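> Residue-level listing of the chains:
Number of protein chains: 2
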Amino acid sequence: MENAVGRAGEPIFKRLALIGVGLIGSSISHAARRAGLVGDIVGASPTPGTRKRAEELGLVAKMYAEPADAVRGADLVILCSPVGTYADIAKTIGPHLEKGAIVSDVGSVKSAAVRDIAPHMPQGVHFIAGHPVAGTEQSGPDAGFAELFDGRWCILTPGEDVDKSALAKLQEFWQRLGSEVEIMSPEHHDMVLAITSHVPHLIAYNIVNTAAHLERVTDKEVIKFSAGGFRDFTRIAASDPVMWRDVFLNNKEAVLEMLGRFSEDLTALQRAIRFGDGATLEKLFSEARAIRRGVIHANQDTPQPDFGRRATSDAKAPQR
Amino acid sequence: MENAVGRAGEPIFKRLALIGVGLIGSSISHAARRAGLVGDIVGASPTPGTRKRAEELGLVAKMYAEPADAVRGADLVILCSPVGTYADIAKTIGPHLEKGAIVSDVGSVKSAAVRDIAPHMPQGVHFIAGHPVAGTEQSGPDAGFAELFDGRWCILTPGEDVDKSALAKLQEFWQRLGSEVEIMSPEHHDMVLAITSHVPHLIAYNIVNTAAHLERVTDKEVIKFSAGGFRDFTRIAASDPVMWRDVFLNNKEAVLEMLGRFSEDLTALQRAIRFGDGATLEKLFSEARAIRRGVIHANQDTPQPDFGRRATSDAKAPQR
Ligand SMILES: NC(=O)c1ccc[n+]([C@@H]2O[C@H](COP(=O)([O-])OP(=O)(O)OC[C@H]3O[C@@H](n4cnc5c(N)ncnc54)[C@H](OP(=O)(O)O)[C@@H]3O)[C@@H](O)[C@H]2O)c1
Ligand SMILES: NC(=O)c1ccc[n+]([C@@H]2O[C@H](COP(=O)([O-])OP(=O)(O)OC[C@H]3O[C@@H](n4cnc5c(N)ncnc54)[C@H](OP(=O)(O)O)[C@@H]3O)[C@@H](O)[C@H]2O)c1
Numbered sequence: 001m002e003n004a005v006g007r008a009g010e011p012i013f014k015r016l017a018l019i020g021v022g023l024i025g026s027s028i029s030h031a032a033r034r035a036g037l038v039g040d041i042v043g044a045s046p047t048p049g050t051r052k053r054a055e056e057l058g059l060v061a062k063m064y065a066e067p068a069d070a071v072r073g074a075d076l077v078i079l080c081s082p083v084g085t086y087a088d089i090a091k092t093i094g095p096h097l098e099k100g101a102i103v104s105d106v107g108s109v110k111s112a113a114v115r116d117i118a119p120h121m122p123q124g125v126h127f128i129a130g131h132p133v134a135g136t137e138q139s140g141p142d143a144g145f146a147e148l149f150d151g152r153w154c155i156l157t158p159g160e161d162v163d164k165s166a167l168a169k170l171q172e173f174w175q176r177l178g179s180e181v182e183i184m185s186p187e188h189h190d191m192v193l194a195i196t197s198h199v200p201h202l203i204a205y206n207i208v209n210t211a212a213h214l215e216r217v218t219d220k221e222v223i224k225f226s227a228g229g230f231r232d233f234t235r236i237a238a239s240d241p242v243m244w245r246d247v248f249l250n251n252k253e254a255v256l257e258m259l260g261r262f263s264e265d266l267t268a269l270q271r272a273i274r275f276g277d278g279a280t281l282e283k284l285f286s287e288a289r290a291i292r293r294g295v296i297h298a299n300q301d302t303p304q305p306d307f308g309r310r311a312t313s314d315a316k317a318p319q320r
Numbered sequence: 001m002e003n004a005v006g007r008a009g010e011p012i013f014k015r016l017a018l019i020g021v022g023l024i025g026s027s028i029s030h031a032a033r034r035a036g037l038v039g040d041i042v043g044a045s046p047t048p049g050t051r052k053r054a055e056e057l058g059l060v061a062k063m064y065a066e067p068a069d070a071v072r073g074a075d076l077v078i079l080c081s082p083v084g085t086y087a088d089i090a091k092t093i094g095p096h097l098e099k100g101a102i103v104s105d106v107g108s109v110k111s112a113a114v115r116d117i118a119p120h121m122p123q124g125v126h127f128i129a130g131h132p133v134a135g136t137e138q139s140g141p142d143a144g145f146a147e148l149f150d151g152r153w154c155i156l157t158p159g160e161d162v163d164k165s166a167l168a169k170l171q172e173f174w175q176r177l178g179s180e181v182e183i184m185s186p187e188h189h190d191m192v193l194a195i196t197s198h199v200p201h202l203i204a205y206n207i208v209n210t211a212a213h214l215e216r217v218t219d220k221e222v223i224k225f226s227a228g229g230f231r232d233f234t235r236i237a238a239s240d241p242v243m244w245r246d247v248f249l250n251n252k253e254a255v256l257e258m259l260g261r262f263s264e265d266l267t268a269l270q271r272a273i274r275f276g277d278g279a280t281l282e283k284l285f286s287e288a289r290a291i292r293r294g295v296i297h298a299n300q301d302t303p304q305p306d307f308g309r310r311a312t313s314d315a316k317a318p319q320r
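Protein chains in written order, with the UniProt record's numbering: chain A, 1 to 320; chain B, 1 to 320.
Among the hints, a few may not be true.
Since the list gives no way to pick out one identical chain from another, each pair is judged satisfied if it fits inside one copy or across any two copies.
To be verified - With a straight-line Cα cutoff of 20 Å, these simulated DMTMM-like cross-link-like pairs (lysine to aspartate or glutamate) come out: (1) LYS220 <-> GLU187; (2) LYS91 <-> ASP277; (3) LYS283 <-> ASP219; (4) LYS252 <-> GLU282; (5) LYS99 <-> ASP161; (6) LYS283 <-> ASP240; (7) LYS220 <-> GLU180; (8) LYS164 <-> GLU264; (9) LYS99 <-> ASP75; (10) LYS283 <-> ASP163; (11) LYS91 <-> ASP75; (12) LYS220 <-> ASP240; (13) LYS62 <-> GLU172; (14) LYS164 <-> GLU98; (15) LYS220 <-> GLU253; (16) LYS220 <-> GLU287; (17) LYS62 <-> ASP40; (18) LYS220 <-> GLU66; (19) LYS252 <-> GLU180; (20) LYS283 <-> GLU172; (21) LYS62 <-> GLU98; (22) LYS252 <-> ASP277; (23) LYS283 <-> GLU55.
No lab work stands behind these hints: they were computed from the structure. This one's a predicted model, so the numbers in the text were calculated from it and none came from an experiment.
Just chain A, same shape as in the assembly:
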């Protein structure tokens, strides 16, 4: 399939309403404007400061305090807030949605999104849950940028009875934002993302907290000598705590299943270390390289050493 990155074209929606304008919402705004995808954009968020900033940045023509006010007249509504807010938002916007509108979301879990949103969708509105697999550790309206979705995958998890032309339209929308689109069930999504995103975040949070609470190594030492690998984990662990709380509360089974496997495998590695079994260690370490090669071949990461960080980390003397 041809990739449509950055190709400006005809708008396919007259009005886009973004419920939440943080990292993902603001990036959608940047990328949709880059591609000329929508007539205009409005938004909603609870905090006055966020609303002011989103208008200042030109992310939206107008921000509303109430999601119900933002969705009026919108033919595309995307929930871009933490997953734990979905049920309330869906309930309040339901009665105000335009007939024929498409409602979607970007939440990192999908079964719970469907559970919380679908029941509140009126007849004639097309609900199709989605998740762009792209992000950074930053949040808020200033964090977004147009290129976030370029070359990344967006997963859509439509129900069986989905309107084919609504699905095609949403698919085109994400492609013109820069993504490739994959379709799967919400349950399978949650299993895949548990291992590729949720458990990685959990163990990153965990090791950072373990390091912060040692008696024999100070926080200052942990920070000073973090370039040996630890600093990579601190980046992921700087992600928004509320967003991630909601992910773990809403993808419990899949996360616990993957965590069980992780712990089992870690126990085996631990035993190999305890018994000095170098052959097992070397074998397991060697196998892990194949996956890295796959990630790079699939253009899902830069092949540059150290993420190309070399150029950006400057040669200043470290602060003691």
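Given the coordinates of chain A, work out where chain B with the ligands should sit on it, guided by the hints.
Leaving out everything else, chain B with the ligands in the frame of chain A:
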């Protein structure tokens, strides 16, 4: 202390012998030449291809198959090979070392380095173990670059009876390579690095292998959707298997102790997820942010979102 990054000056050693010219050895060569630190550089490594390449790249004036041949006439010898090779190398070079020479290493573990090297050092030779806390996931003579040590810490772990002027000279050497120098005991080094480097690598290797052996999620899916966090772990897990095998075989106690703490803490997180304890999750996730801020403040990582990777990961359509 003034930082001496990139400042060319008088040589402080007449001949540097590098035993091993992989990522670290070749980076020392680049940085030492940048700073005009040494008269000339020779090297040793077992593989003919590596020796040829190191000469082609101009990393050394001459490569030798035998470490004993490389150390003749050298007033600074640095072991830059996997830690498991140290005992044999120390034994074979011992009788050939110049009186007054400084012998050091760059190994990621220090108690074992001292255990394996010190007994073979003749009288009048100054042995001071060291570890530059800097690296990438790549290896071999082509992987090195002059900036690797800029703004990073190099830890030296001299014995109690160290010659003060030899220590000062080695300290100046590392500073002019671009590093700050910290002095501590080998035992404390191994504890600090267990949490800031060894356990992070172990859990990265582990989650990559867990992901590769699932029945319900294919390797292809793991790779495609790796941008949700997993790809960061694949980078670390692409590091050299032999080097890391030797690290775990030679820092067993500290790694097992830190791994025990990690697993305890992970169990607590797992319980919070199982029982839907959002307050505990949010609290633990929030705390992790402070350490990230510390790492950035100490100039041990770039403040740019996503390691600044945005600029380097290009917008090509991903390979299916
Ligand atoms: N970050 C990632 O890497 C990533 C990647 C893919 C998907 N996601 C998903 O994207 C969604 C948003 O994440 P993000 O990273 O963009 O978060 P973010 O930067 O923290 O932004 C969250 C936005 O949601 C708004 N919001 C919070 N409560 C709300 C409510 N009750 N009603 C309406 N708006 C509300 C916030 O507004 P105020 O500022 O006014 O509170 C803010 O604008 C989450 O569901 C997350 O799972 C995130
Ligand atoms: N990679 C990192 O991030 C990092 C960071 C700090 C410290 N260190 C430490 O630095 C050391 C080297 O790591 P590296 O990343 O530079 O590894 P590397 O790129 O794999 O290079 C290893 C070098 O050691 C040589 N070598 C292997 N066995 C040898 C022997 N018996 N005698 C002499 N030379 C031998 C290899 O030569 P052939 O190619 O001829 O086999 C190669 O030149 C290790 O002790 C490691 O713990 C690594």
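> Run every hint past the structure and note whether it holds.
Each hint tested on the structure:
Taking the shortest alpha-carbon separations for LYS220 and GLU187, only the inter-copy value of 18 Å comes in at or below 20 Å, while the best intra-copy value is 42 Å. In the homo-oligomer, the alpha carbons of LYS91 and ASP277 never lie at most 20 Å apart, since the shortest distance is 57 Å inside one protomer and 25 Å across protomers. In this assembly of identical chains, the alpha carbons of LYS283 and ASP219 lie at most 20 Å apart only when taken from different copies (18 Å versus 34 Å within one copy). In this assembly of identical chains, LYS252 and GLU282 lie within 20 Å of each other by CA distance solely across copies; the values are 15 Å between and 33 Å within a copy.
With identical chains, the CA atoms of LYS99 and ASP161 are at most 20 Å apart within one copy only, with a shortest distance of 17 Å there and 83 Å across copies. When the C-alpha separation of LYS283 and ASP240 is checked against a cutoff of 20 Å, the pair qualifies only between copies, where the shortest distance is 11 Å, while the shortest distance within a copy is 36 Å. Taking identical chains as interchangeable, the C-alpha atoms of LYS220 and GLU180 lie at most 20 Å apart only when they sit on different chains, with a minimum of 15 Å there against 43 Å within one chain. For the homomeric pair LYS164 and GLU264, neither the shortest alpha-carbon distance inside one copy (43 Å) nor that between copies (49 Å) is at most 20 Å.
Taking the shortest alpha-carbon separations for LYS99 and ASP75, only the intra-copy value of 8 Å comes in at or below 20 Å, while the best inter-copy value is 82 Å. For the homomeric pair LYS283 and ASP163, neither the shortest alpha-carbon distance inside one copy (49 Å) nor that between copies (42 Å) is at most 20 Å. Proximity of LYS91 to ASP75 under the C-alpha cut-off of 20 Å is restricted to the intra-copy arrangement: shortest distance 18 Å within a copy versus 76 Å between copies. In this assembly of identical chains, LYS220 and ASP240 lie within 20 Å of each other by CA distance neither inside one copy nor across copies; the values are 23 Å within and 28 Å between.
In this assembly of identical chains, LYS62 and GLU172 lie within 20 Å of each other by CA distance neither inside one copy nor across copies; the values are 25 Å within and 60 Å between. In the homo-oligomer, the alpha carbons of LYS164 and GLU98 lie at most 20 Å apart inside one protomer (19 Å), although the nearest pairing across protomers, at 80 Å, exceeds that limit. Taking the shortest Cα distances, LYS220 and GLU253 never come within 20 Å of each other, neither inside one copy (37 Å) nor across copies (22 Å). Within a single copy, LYS220 and GLU287 get their C-alpha atoms only as close as 34 Å, which misses the 20 Å cut-off; across copies the closest is 15 Å, which meets it.
Taking the closest pair of Cα atoms, LYS62 and ASP40 come within 20 Å of each other only inside a single copy of the chain (9 Å); across copies the shortest separation is 67 Å, beyond that limit. For a Cα distance limit of 20 Å, the shortest separation of LYS220 from GLU66 qualifies neither inside one copy, at 44 Å, nor across copies, at 41 Å. Neither within a single protomer nor between protomers do LYS252 and GLU180 lie at most 20 Å apart by alpha-carbon distance, with minima of 28 Å and 45 Å respectively. When the C-alpha separation of LYS283 and GLU172 is checked against a cutoff of 20 Å, the pair qualifies neither within a copy, at 44 Å, nor between copies, at 39 Å.
Taking the closest pair of Cα atoms, LYS62 and GLU98 come within 20 Å of each other only inside a single copy of the chain (18 Å); across copies the shortest separation is 77 Å, beyond that limit. Taking the shortest Cα distances, LYS252 and ASP277 sit within 20 Å of each other only across copies (11 Å), while inside one copy they are farther apart (35 Å). Taking CA atoms no more than 20 Å apart as the test, LYS283 paired with GLU55 passes in neither setting, with 55 Å inside one copy and 31 Å between copies.
In this structure, the hints that do not hold are numbers 2, 8, 10, 12, 13, 15, 18, 19, 20, 23, in rising order.
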